[in-house]
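> Chains as they are written, first to last, in the working numbering: chain V, 1 to 108; chain P, 1 to 116.
Just so you know, these hints were derived from the structure itself, not from any lab.
Be a bit skeptical, because a hint or two may be false.
[As the list claims (entries may be wrong)] Derived SDA-like pairs: lysine to any residue, alpha-carbon spacing no greater than 20 Å straight-line:
(1) V:95 / P:75
(2) V:95 / P:62
(3) P:13 / P:28
(4) V:95 / P:53
[Unchecked claim] What follows is a list of derived Cβ distance ranges for each label pair:
(5) P:17 / V:67: 48 to 58 Å
(6) V:41 / P:67: 39 to 49 Å
(7) P:80 / V:17: 28 to 38 Å
(8) V:92 / P:20: 41 to 51 Å
All residues carry an ideal CB built from backbone N, CA and C; glycine is no exception.
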Amino acid sequence: DAKTTQPPSMDCAEGRAANLPCNHSTISGNEYVYWYRQIHSQGPQYIIHGLKNNETNEMASLIITEDRKSSTLILPHATLRDTAVYYCIVTNTGKLIFGQGTTLQVKP
Amino acid sequence: ETGVTQSPTHLIKTRGQQVTLRCSSQSGHNTVSWYQQALGQGPQFIFQYYREEENGRGNFPPRFSGLQFPNYSSELNVNALELDDSALYLCASSLGGTGHSGNTIYFGEGSWLTVV
Chain V
1 DAKTTQPPSM
11 DCAEGRAANL
21 PCNHSTISGN
31 EYVYWYRQIH
41 SQGPQYIIHG
51 LKNNETNEMA
61 SLIITEDRKS
71 STLILPHATL
81 RDTAVYYCIV
91 TNTGKLIFGQ
101 GTTLQVKP
Chain P
1 ETGVTQSPTH
11 LIKTRGQQVT
21 LRCSSQSGHN
31 TVSWYQQALG
41 QGPQFIFQYY
51 REEENGRGNF
61 PPRFSGLQFP
71 NYSSELNVNA
81 LELDDSALYL
91 CASSLGGTGH
101 SGNTIYFGEG
111 SWLTVV
């Protein structure tokens, strides 16, 4: 079973920041938090990952709480092309256990 | 874009047949994992290969088998195909192994298998 909990769906207005939460209350000390997204019929696209520090790249920012029991993926300026299923995964083996993810709908 | 390529992209097989799917990992990546994604579901981990050895397996029967070659490319073989094997099969590559150190894991675009 997936070790993360995500809301099944979220909406975001185009141009606004999308904040996607993830709960991983049973995370162990050496497990990383990974985020992927998947657009229908395509392979999962890597977004970002981190261990305990906040991370930022050209796609998104990852905010991990100090106790590491939850995290938030931030897409700073959502576009229609960001509409997808977003998966939050924790792992220390490189084997990814996917849950149901969050379907993000970006609306004009 | 990810450097992970899979072939074929689409194929149709008959129940009871065997299929081989192929994956070329990103240059320098020594670890390949395979996933099955049924329609409307999230990907399910099948198994992982590290330096030509199986390094972990999900809840899949033995008729799902794999290989990793010295150049780290990989094959997924499925024998005695069943209708429920119809799915998108995904390959992911990374630099890692038995001790995961937080390396980036990249997916290919997958192979769509339809069993009729």
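> All the hints need checking, so say for each whether the structure fits it.
The hints, checked one at a time:
no., hint, verdict
1, V:95 / P:75, "17 Å, holds"
2, V:95 / P:62, "19 Å, holds"
3, P:13 / P:28, "33 Å, violated"
4, V:95 / P:53, "15 Å, holds"
5, P:17 / V:67: 48 to 58 Å, "51 Å, holds"
6, V:41 / P:67: 39 to 49 Å, "27 Å, violated"
7, P:80 / V:17: 28 to 38 Å, "50 Å, violated"
8, V:92 / P:20: 41 to 51 Å, "31 Å, violated"
The structure shown violates the earlier hints numbered 3, 6, 7 and 8.
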